[in-house]
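These protein sequences, in sequence, are chains S and H. The numbering of the first sequence is the numbering used here, which starts it at 220 and goes up by one. The numbering of the second sequence is the numbering used here, which starts it at 1337 and goes up by one.
It should be emphasised that the hints constitute simulated quantities derived from the structure, not laboratory data. Where is the CB? At the ideal position from N, CA and C, for every residue including glycine. Don't take every hint at face value.
[Stated by the list, open to error] Derived DSSO-like pairs: lysine-lysine, alpha-carbon spacing no greater than 27 Å straight-line:
no., chain 1, residue 1, chain 2, residue 2
1, H, Lys1651, S, Lys346
2, H, Lys1773, H, Lys1679
3, S, Lys405, H, Lys1383
4, H, Lys1665, H, Lys1640
5, S, Lys317, H, Lys1874
6, H, Lys1640, S, Lys402
7, S, Lys317, H, Lys1665
8, H, Lys1838, S, Lys234
9, S, Lys266, H, Lys1360
[To be verified] Pairwise CB distance ranges (calculated):
no., chain 1, residue 1, chain 2, residue 2, range
10, S, Glu378, H, Ile1628, 30 to 38 Å
11, S, Gln331, H, Lys1677, 16 to 24 Å
12, S, Gly311, H, Thr1625, 26 to 34 Å
13, S, Arg240, H, Ser1715, 44 to 52 Å
14, H, Lys1677, S, Leu456, 26 to 34 Å
15, H, Gln1858, S, Pro245, 24 to 32 Å
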Amino acid sequence: MSKLSFRARALDAAKPLPVFRCEDLPDLHEYASINRAVPQMPTGMEKEEESEHHLQRAISAQQVYGEKRDTMVIPVPEAESNIAYYESLYPGDFKMPKQLIHIQPFCLDAEQPDYDLDSEDETFVNKLKKKMEITALQFEEMIDRLEKGSGQQLVSLTEAKLLLKEDDELIKEVFEYWSRKRKSCKAGCLIPNVKQEKRDGSSTNDPYVAFRRRTEKMQTRKNRKNDEASYEKMLKLRRDLSRAVTILEMIKRREKSKRELLHLTLEIVEKRNVMPDYGSEVMAEALAQCALVKPVYTIPIIPPSSNNQYRHQEHLDIKDYKKPEKMEVVRTKRKYEKKPKIQPLAAPQHLGPSVFNPKDLNQYDFPSSDDEPFSQIHSGSSEAEEENDPDGCYAFRRKAGCQYYASCPDQGGDWPWVSPSDGGQGDLRFRYCLTSLTVPRRCVGLARRRTGRGGRVLLDRAHTDLDGVFQSLDSDPEPEPLAASPPSSPLRNSNTSTSETNTSDPNCSSHLPPATSPSSDDLSRILLNIKSCRWRHFRPRTLSQHPSGEGKTSRRGLRGFSRTAPGLARPPAGGIHSQNRTVPAPTRVNVLTVEQYQQHQEQLALMQKQQLEQSQQQWQVSDAASAANTQGLVSKTLDQASAQFAASALVSSDQLLAFKSKEELVLPSGVNGVLPGSGVFKGLHLSSSSVVPTTPNPAPPVFLQPSSKPATPSAPTPLSPGPNARAAALGVLGHGTANSAAAATTTTQVLIGNNIRLSVPAASSLAGRHLPRALGSVPPSALKLAAATNLPMAKVSGAASMDIGSRDTHEQDKPSLNSLADNTVAMEVT
Amino acid sequence: MTKMADSATLVEVVEGCRLPVLRKNQENEDEWPLAEILSVKEIPGRKLYYVHYIDFNKRLDEWVTPDRLDMKKLQFPKKEAKTPTKNGLPGSRPSSPEREVRKSLDLNLQSATAPSRGKTLPTPKRKAESVSLATQASPATPVPSLPSSTEASQASVYPAARDTNTFTPKSRDDHEQLASLTTQNGTARRLIPSQPGRKRKANCGGTDEMVKVFQYNSPRCASVFLPPGEDSQDSSDGIPSAPRMTGSLVSDRSHDDIVTRMKNIDCIELGRHRLKPWYFSPYPQELTTLPILYLCEFCLKYLKSLKCLQRHLTKCNLRHPPGNEIYRKGTISFFEIDGRKNKTYSQNLCLLAKCFLDHKTLYYDTDPFLFYVMTEYDSKGFHIVGYFSKEKESTEDYNVACILTLPPYQRRGYGKLLIEFSYELSKVEGKTGTPEKPLSDLGLLSYRSYWSQTILEILMDLKPDNGERPQITINEISEITSVKKEDVISTLQYLNLINYYKGQYILTLSEDIVEGHERAMQKRHLRIDPKCLHFTPKDWSKRGKW
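Just chain S, same shape as in the assembly:
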């Protein structure tokens, strides 16, 4: 039959088998012969036993009758179940507990003798009872001790006396009885026990030896894996412990230094007292001399494999934002007199590859002595650390094998807004002017506007005694509550207190128009000055020009900003207003006019040119030191700004998507001003590759978003993206990108100028440190949103790493670039 000519396929356990009743398939028997194709499964019994008579009989009986008949069961030896004395033997009073029985560990080993008295013992004990006190249990206890006390050799009487607590007479009796009985006992032991394994292995085959120890542990895969895991854990533990040792050693050294400092200070005070230097002239002199020779703190470099102990930099920054007053107080306390106060962050700057900022000493977050106020902020506890570390998983992590240098402040020196004495150009455009803000609508007093990283406009504010007057200068009819009660506002308080540092800086004050000197007079004079345009007063002109459209935009922009504000981990009072006033991006955009924009472009071009020039020069060490102040400000501002921008970028990324279509309209309009920037961007591969991961992610959306609101061709577009393909792929590199590319240019060229030490940290600090922070300060929800809206982050990082790969000719840059790549990857992971 053809049906038999093929082999049936193997049974597939995953294939559905239809279930039929036999009566439904009358022709089933015709197919029966193929059934053999189903492989026979083994029964799991031993072959020889399987053939046993009774089993076979039972199986066949089962198959015939469906169920076993009684006679076909497998016979087994009989068992009785009618022990007459059972009832009396076991007590019958056990009540079933309501709950499931749960035994406590170790409660089972009640101290009961293992030995059980037999009838022979009983007669002996009864006999003994006539002479002395003994109970059966006591007897059992004694025998038990004796038995367990003797191994191969019997316990001797003297040993027995040590072993037992009873009186000698009794011990003697029992001992004699026991040794007699034991000798006559064939087993050699009165407590029957399962035979133990012999040490020499001769008992391998003794059938009476049971329950041998498993000497070789089972080597299952699981266990091996387990071992590996625990080995790794041990390694990690060792690493951590050795790190702890290092840290403790450093603490020890630090405390020693502190003690020394204290002694020295005491000495100084005593000396001054003797001198007597009550006017502190001598001191000032000495300090001035000291200023030339910078203190150098060397700290042993800890193996860079450690991950998070270097995050102190961020901690510091945050701390600074949080407690500016406190720091101020501390610093002033340290300087004994009313010397020009050094800016907290900029304080001691220095050079040298393995030279660390003194603040680095704080990286080991130990609450130690009282003169370290901020150490309490993040005192050890990981929870606190988490709070203080908004970066979370985006925190900058050191990479093994990379060398990290202290951030180099020197580059800030040659900005157009820096006074010539600091190595800048002291460009007039950057002098301090009266400035008003759109939102909140008020006059902020003297400020100067300059461009920061990413094209953001920063307002440096200067403090004068007339601030109160300036506040009221604003023509805005609706008085802001904030402005109305300046002294009581904490915001304002912080403003004044911090901006004091600016003012007190001689460099800054030198830029102020003479009229604004603290001694300057009354309101009418100022007003007069302003009116005669001797003082420039920047006010948001657009407001009046396009009240309807722009008002709307600014509201929207403001809304966008306010949405992001709560996302910032730190309170705005401490952070945003601390020293530099960063104007929210949307507002700023509205403020700009075409004219201003062009001016701005010119500045940019100029800046780049200057930077190119300057980078050719070797910088003077002293210059660098004096520029430190500015740099400190700049980097800080960037931090602030980037945090804000990142936040708003992520939040508004949906809007960005909406804008993307319009962006194409913008592109052709070819904002020429950008071109030089992008040219630089393109030309300087090195710098761009290091910048790329930094800027594009958060920045472009911020830039683009506000401009998308006007959506009119005539709208000023300081933000039009660089029209090169890469920029587009990166999700549009804005104007700001060009700027920061320019900034990075500086670093690169410095690098070319054989000043590696200076350049690399800039790249790494720009890219590695600030960006992750910016992202980290964004609330998780915003991040999720960003992920959901498909922000081209992943692409960006990909491109960035490709860049890095293709430009590896610059060996020096590799470490920092790698670290950048790391950071970007970390972002992707989100």
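Add chain H to chain S, keeping to what the hints say.
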């Protein structure tokens, strides 16, 4: 020398002989199955023979009186089968464990004299001796039912027997002890010979043959000389040493020697029951001579006398197995006992269980096992009904290592209850499982019955979905029941449900099957209620070593 009254010739029935032995079957009728004499002992006035009925399970082995032997059909141990049944020489044998000797042979280490094997040194010498003797002897070896000449041939064979004897020194000593306790007679009868091979089956000469072959030939080709036709278990016989570390059962009978082939405990009293053990169990040897071994019903401690038991009960206040109760419904409870934390109880339980489980090995400690003890409650406490053990981590999907319903509770549905419970645990664990192999005959029947009922229950409950024939995959059955796929297939096959029909496999339910199943399910009152199970599986791999 025993002379059979009805035998014309002078024949001694020795170990290894085969002959029909009278036994009563279940219908209480006489039958004369062929049996093998495993041991002979003399008690005052008569001899007793320990017989194993060929093709019957070992549990029916028993001591019989001479009058139950059919001497007319006596077969002597097969030919040169060497049969060195007895040890004619005093027990001065070198005490090297036979295993070790053979191992060393296998490893081609015969000349090696590791310190630990110092005692094996004499081996080569004796080997030489045995060779000559055995070769001499072999032509004269008695053929079955060869009447005379036994004395001479046996005498000549004995020396060889000494070497092929598979006793370890230890077991031999034990055995002597045992023998001296149970026999009166002198040296000639003292030792129960190892002979009839470790295989209890017909081809009893097999292993001996192999042993001998080893001795006669260069050990380096040991494997070549495996007697053909021996099953694979014997091929692993060459590497005795310790049994594998996993599992609880030996499928490899190479560790069977004559001692473990014989029941050593006469009777066990446990609570209200008197149990007749079925197999050897390594209770302390001094207790094996007792007519009754007493066990505490709750802690299972073994005691030599009723008096001791009474004393023990004053001190033992356990009224349930010393573990956590993880299931209770009605009077049925299950207790979980950790073989590492509760060693004493676990060992006592194993000793008891070994009395009824042939393949169970007690070679290693109980650490890697959990014991699930099923109890029935009454006013005296929770009485053990049965148990199963389970490896904490099984590398082979075993969800049961050993499983036993104590004989007084057998054939009342408890076995199936135990099995069902074991699968409930697997369901909680989300795994499929299978019992460790080999299965015993009763185990096979119980499991098959459980599998059949479980699978049929599912198949019968299948509803046709929207007019289509109901269908189900083997994997689905396996997932629902936690029964391992292979067991599902074998059950379907056994029930003859799988048919190949028109190009595909189908499952067919015949009327017989359906009716049989319905009848069986009516009788199955005891069921596990998953709601009463309070069990959280532990991940033992994370707890270090067991």
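inquiry  = Flag every earlier hint the structure violates by its number, smallest first.
reply    = Checked against the structure, the only hint that fails is number 4, while the rest are satisfied.
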